[in-house]
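Protein chains: 4
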Amino acid sequence: MKNVFGNSITITLFGESHGAEIGAVLDGFAPGIPVDEDYIAKKLSQRRPAGKISTARVEADRFRIVSGVFNGRTTGTPICILIPNENTKSRDYAGTRFLARPGHADYTAFCKYHGNEDYRGGGHFSGRITAALVAAGALALSVLERKGILIGTHIAKCAGIADRGFAAVGEALRADLKALEDSSFAVLDPEAAAEMRAAIEQAASEGDSVGGVLETAVTGLPAGIGEPWFDSLESVLSHALFSIPAVKGVEFGDGFALADLRGSAANDSFRIREGKTVTATNHNGGINGGISNGMPVVFRCAVKPTPSIFKEQDTVDFSAGTEAKLVLKGRHDPAIVHRARVVADSVCALVLCDMLALRYGTDYLGT
Amino acid sequence: MKNVFGNSITITLFGESHGAEIGAVLDGFAPGIPVDEDYIAKKLSQRRPAGKISTARVEADRFRIVSGVFNGRTTGTPICILIPNENTKSRDYAGTRFLARPGHADYTAFCKYHGNEDYRGGGHFSGRITAALVAAGALALSVLERKGILIGTHIAKCAGIADRGFAAVGEALRADLKALEDSSFAVLDPEAAAEMRAAIEQAASEGDSVGGVLETAVTGLPAGIGEPWFDSLESVLSHALFSIPAVKGVEFGDGFALADLRGSAANDSFRIREGKTVTATNHNGGINGGISNGMPVVFRCAVKPTPSIFKEQDTVDFSAGTEAKLVLKGRHDPAIVHRARVVADSVCALVLCDMLALRYGTDYLGT
Amino acid sequence: MKNVFGNSITITLFGESHGAEIGAVLDGFAPGIPVDEDYIAKKLSQRRPAGKISTARVEADRFRIVSGVFNGRTTGTPICILIPNENTKSRDYAGTRFLARPGHADYTAFCKYHGNEDYRGGGHFSGRITAALVAAGALALSVLERKGILIGTHIAKCAGIADRGFAAVGEALRADLKALEDSSFAVLDPEAAAEMRAAIEQAASEGDSVGGVLETAVTGLPAGIGEPWFDSLESVLSHALFSIPAVKGVEFGDGFALADLRGSAANDSFRIREGKTVTATNHNGGINGGISNGMPVVFRCAVKPTPSIFKEQDTVDFSAGTEAKLVLKGRHDPAIVHRARVVADSVCALVLCDMLALRYGTDYLGT
Amino acid sequence: MKNVFGNSITITLFGESHGAEIGAVLDGFAPGIPVDEDYIAKKLSQRRPAGKISTARVEADRFRIVSGVFNGRTTGTPICILIPNENTKSRDYAGTRFLARPGHADYTAFCKYHGNEDYRGGGHFSGRITAALVAAGALALSVLERKGILIGTHIAKCAGIADRGFAAVGEALRADLKALEDSSFAVLDPEAAAEMRAAIEQAASEGDSVGGVLETAVTGLPAGIGEPWFDSLESVLSHALFSIPAVKGVEFGDGFALADLRGSAANDSFRIREGKTVTATNHNGGINGGISNGMPVVFRCAVKPTPSIFKEQDTVDFSAGTEAKLVLKGRHDPAIVHRARVVADSVCALVLCDMLALRYGTDYLGT
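Residue numbers (this note's numbering), protein chains in the order written: chain A, 1 to 367; chain B, 1 to 367; chain C, 1 to 367; chain D, 1 to 367.
Hints were generated in silico from the structure; no laboratory data involved. Incorrect hints may have been included.
Same chains, same label: a pair holds when it works inside one copy or across any pair of copies.
What the hints assert, rightly or not - Calculated pairs, SDA-like style, for lysine to any residue (alpha carbon to alpha carbon, straight line, at most 20 angstroms): (1) LYS89 <-> PHE310; (2) LYS325 <-> ARG164; (3) LYS42 <-> ARG273; (4) LYS276 <-> PHE98; (5) LYS147 <-> TYR360; (6) LYS329 <-> ARG174; (7) LYS311 <-> GLU21; (8) LYS311 <-> ALA265; (9) LYS52 <-> ASN7; (10) LYS42 <-> LYS178; (11) LYS329 <-> ARG57; (12) LYS329 <-> SER269; (13) LYS52 <-> GLY321; (14) LYS325 <-> VAL58.
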């Protein structure tokens, strides 16, 4: 279904990097939910470019909610959020119209759309569109928080530099998540943060870019959420996470590291703590058989280095069918991992709202 | 949508480990496709337990196609494939009804289904159900092969032992895929294969289990398949792959390793070879912007060690809400990675058929 | 999505008239619902052919539930119901393989499936497949009845002979619905019933067939069910009702008669009765703006006369592209309106279960 | 899925009568289709109020396409069309906030949305939203016309006055459809048109309203479009048609009149004409077994009289739970049948585009 995602709650995404407006329509969201525009603005600010480690294209993200909200609350009908593109320099792209930027969607979009695609700034494939995801995701995040479900993402690794891990459970984990909420560069260990920033700047100074790993934790999700087989929590979350540009890997719990463990080491024993069933460890990332077990849901996304670099690259002119050299102009990010973290939070929140609504009904989130 | 997956072509999955029949309904499959029951049987044999490295529960998988096939060809109407469960020993499970097997879905199923779940042998969450996926997947694989699209999966790693990688492209890759087709233990390097088997047997002798990594390659897929955003090729493939029990990670191309590279190293330069646009490397696994670029599609799945082990484990009785010790009976696999590889092939094939049908129409696969 | 229908609860339908088995998979149905096989059998008996006014092909409908039910209750996982075809005479169809039976799907199926369709007895287009709908619908009907929601359908008209209308509301309507439950020929007025039977027999004796109108009432449905725009209660119900073979018209409330009224006559005034908001009349069939208003939901389906008649008809041989004469053999119904009423009940129940589950959550129906 | 409709091509609808903007997102539409904004404007003008027989609220419908169109052609990515609401008088509604207008969605929306709904001018339930459907439908209509598929709707009946019927087939039918294209009041017989107008004006002068029947014909649709069972052409068309506010009945071909015919009269005999298979009559409205047979597709929608009337009505205050009298203010249509005809054309075109794209692939419509 392409640009529509979800079952009980759906999100429809539209827009191009240099078009008039980008936006999202959120349908099935419960009536009566307070809409805090400041909170949406805050979430948008978390993905806004920040100084030397980001692109110089800074958008004000002056979003407008044009439907589905009345007197400060959701009505229960579709919510359309629009964000204008205000700071575009389309001329930067005219000269390289048919030169495939390596690692980008230029060539594949040409194959799919036969040359009708809006190529300016990556068009519909631009990370710009994630601003609309974030705006919609902010609504989902605020609803979940009212239900006691917190979501947060930190940069677990950037340019090869590792952050410390999340606290495993409980108040310590909630404190980590709260700290990220107010962080402009979502790293738990300040020293690691400084090293990462330096590494990004270094790459930028060389006309190059770096990647990283985002780690997300969800606390407060009740046990029993998710479906067997095709709509396992992992299936639906990964579906949404791989929609984020540059994500090339997703793993839950210990993920790929589990492949090297024995069952006796990988299994999470069950315990009773304060009258509640918990697991002693969380190698499985809070999910058994595709369904939440009440422990924190933990997953990681591999984010490849931004493909836009300023070094000369070999490529082809896909209109002429000839080889060519490419030197990029324009404004580009030397890393996007720090901007993508709120996108991970957002799609995670949208998925969880949908799955909660499936199980508990579409009114549930508004109560 | 839980047990239904796909858009133009849908698969519906049903059944329990110890129920009367498991099965799948494949809808939207083009008319006129020859149905080779021997080929389906061969694919089912690839997931059948094999000697010491597998469970002692061996099912004959006497499948029956009860609709949608007439005179040896698909009719274009829904194809229902049934597979009876013939070799069940439900008594093995009666004594441990409310003891949550660590790493399994027992506890989460209880939370979701309030105790109404069929708990015998894992019920609906059992890997047994993948037999139906494989039977349906065999139809998809055979159709793709007629279109020149080959899919194959090898055990890239098991118990920490690595296989050699796939040949990068062309005839060498096709040869690798063909070799896997006739292999009962899908490893490219015979020495690695022997070591893996020994390691599985060793774990089994200790009442333990091992995991591994499956690597899949697709060759012959045209450029331009996949959709932007929510139905990116990575999104839809991962959705299906995470439906396979025990898969806890999915990565495309270099996946998590990309996170540590610079953009200049991660980008795949374009070239013209024999008049065709190709990339010089394939770090992105044949996918740019969520759409195939004509290079081999390559991905890896992390398969956790089988949670069924014979060592005593700490757990809880989730009916009584008390802690307990668990010693499993029954017949279990010390590894499933070798049985799961054809499941990976199958869900990959189902996804590609669906996406080809979306783009080229539902008749396309029959022509 | 062709043979899959529904959102929170989906039904997947498969099978052919002369294939091995027909069946349905019901997914998303709440856990813990008692399954009464006698009730399913009773519902199947309501669509079984009955004497002179029906076909001589009588199937025992020995259904088997092969998944999703355990210890007499639904597990919450997909329920597959199989019904074997036992009484088939495929030879009746061999001689007329390429002669399009007027009013049937032979020619259109050929256009769609390029000759691969199973043509015997109408194949996948046969009314036979509705047996699977009825079996699945029986589960839905029994669940709704436990929630106080009753559904019943009478033959409002057959061969031009009209039954009396339903009682408008309350106990009188419930009594009408209860009476239909135990009726083998669902007509409220016994005299009209006798006339209709005579008219069907008369048509049969002339080798001809008759049609009719089915009227369905639903009582006990709470206000607030249905969605605006595309999933209005009328939209989704009509979608399902037009899936029933031979249905060519659907109207809600006064339906087409409303077109001739003035607004002042068509509007249903609101009143308070026993502290509850009701309408004084029910011209709108219990639905305003696509959403239930708490009054009985009332709709009618036009059922065309069975296209299988024994008179010689003009037709074409669509393989040869020549004109031809057709004289049918085989066993056919001179009317299906009396057999179709339980199919209308069934699809209505499936739709309502889905919409209730969407609003109140998938667990709701099991509580 | 509420406000999203379609499979290969989806439309998402949003907005409220007195909100900032209404709109639609069209996803899956093929790349390369010329977009003629004048044609969209023309279609919007067909639903614009017209003098005495319509409401005094006239909107300029200054639509903006903010995504998915580049250099005058579709890009293949989602097309978002926005239409601002410019002429709103929300004060008209403040005093009657909790008085349920009979025949409207006020009370049911309150039951569904718990009072959070935007009540002004009917909010999300307003016919105003159909402007977005028409704008999106214009794209679909123009694409179909390029494929030789013409769609047109006339007012078959209004206030009890009947128009003449469509020409049955061929050039005469195409001429009828072309004539409707340029008609501001879509009636084939000028005398009937004048009578209908007079009847509407008469009802308006009495503070009352009238309804009618819309009849739509589609010519040029190839045989073989539609799916068996749940996505029969009738099912999907009716689903979309019942989404149009005030539609209370839908029938195909002779529809309800078929119920009174015998099979020998209702069946459409096949013939060969100019080498092509046709039917001698078209009682079945071009559809057999849910699939198009190549003859004109013909259906009718019953449109109830506008529920907004100026006569005093009995109602309830659904907040207080008391009975009340209602005298409407504001600007209302004494009939909407003449404005709704282009909405019927639009949803029909959207459905056909989706079903053609399913069968022939998403690129098909752009070629």
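Each hint tested on the structure:
For a Cα distance limit of 20 angstroms, the shortest separation of LYS89 from PHE310 inside one copy, 17 angstroms, qualifies, whereas the shortest one across copies, 55 angstroms, does not. With identical chains, the CA atoms of LYS325 and ARG164 are never at most 20 angstroms apart, being 41 angstroms at best within one copy and 34 angstroms at best between copies. In this assembly of identical chains, LYS42 and ARG273 lie within 20 angstroms of each other by CA distance neither inside one copy nor across copies; the values are 37 angstroms within and 49 angstroms between. For a Cα distance limit of 20 angstroms, the shortest separation of LYS276 from PHE98 across copies, 15 angstroms, qualifies, whereas the shortest one inside one copy, 60 angstroms, does not.
For the identical chains of this complex, LYS147 and TYR360 are neighbours both inside a copy (13 angstroms) and across copies (17 angstroms), given an alpha-carbon limit of 20 angstroms. In this assembly of identical chains, the alpha carbons of LYS329 and ARG174 never lie at most 20 angstroms apart, being 43 angstroms within a copy and 40 angstroms across copies at closest. Taking the closest pair of Cα atoms, LYS311 and GLU21 never come within 20 angstroms of each other, the shortest separation being 31 angstroms inside a single copy and 44 angstroms across copies. Proximity of LYS311 to ALA265 under the C-alpha cut-off of 20 angstroms is restricted to the inter-copy arrangement: shortest distance 11 angstroms between copies versus 46 angstroms within a copy.
In the homo-oligomer, the alpha carbons of LYS52 and ASN7 never lie at most 20 angstroms apart, since the shortest distance is 40 angstroms inside one protomer and 43 angstroms across protomers. When the C-alpha separation of LYS42 and LYS178 is checked against a cutoff of 20 angstroms, the pair qualifies only within one copy, where the shortest distance is 14 angstroms, while the shortest distance between copies is 54 angstroms. With identical chains, the CA atoms of LYS329 and ARG57 are at most 20 angstroms apart within one copy only, with a shortest distance of 13 angstroms there and 50 angstroms across copies. In this homomeric assembly, LYS329 and SER269 come within 20 angstroms of each other (Cα to Cα) only across copies, at 18 angstroms, whereas the closest approach inside a single copy is 55 angstroms.
In the homo-oligomer, the alpha carbons of LYS52 and GLY321 never lie at most 20 angstroms apart, since the shortest distance is 37 angstroms inside one protomer and 55 angstroms across protomers. Taking CA atoms no more than 20 angstroms apart as the test, LYS325 paired with VAL58 passes in neither setting, with 29 angstroms inside one copy and 56 angstroms between copies.
Against the hints set out earlier in the document, violations occur for numbers 2, 3, 6, 7, 9, 13, 14.
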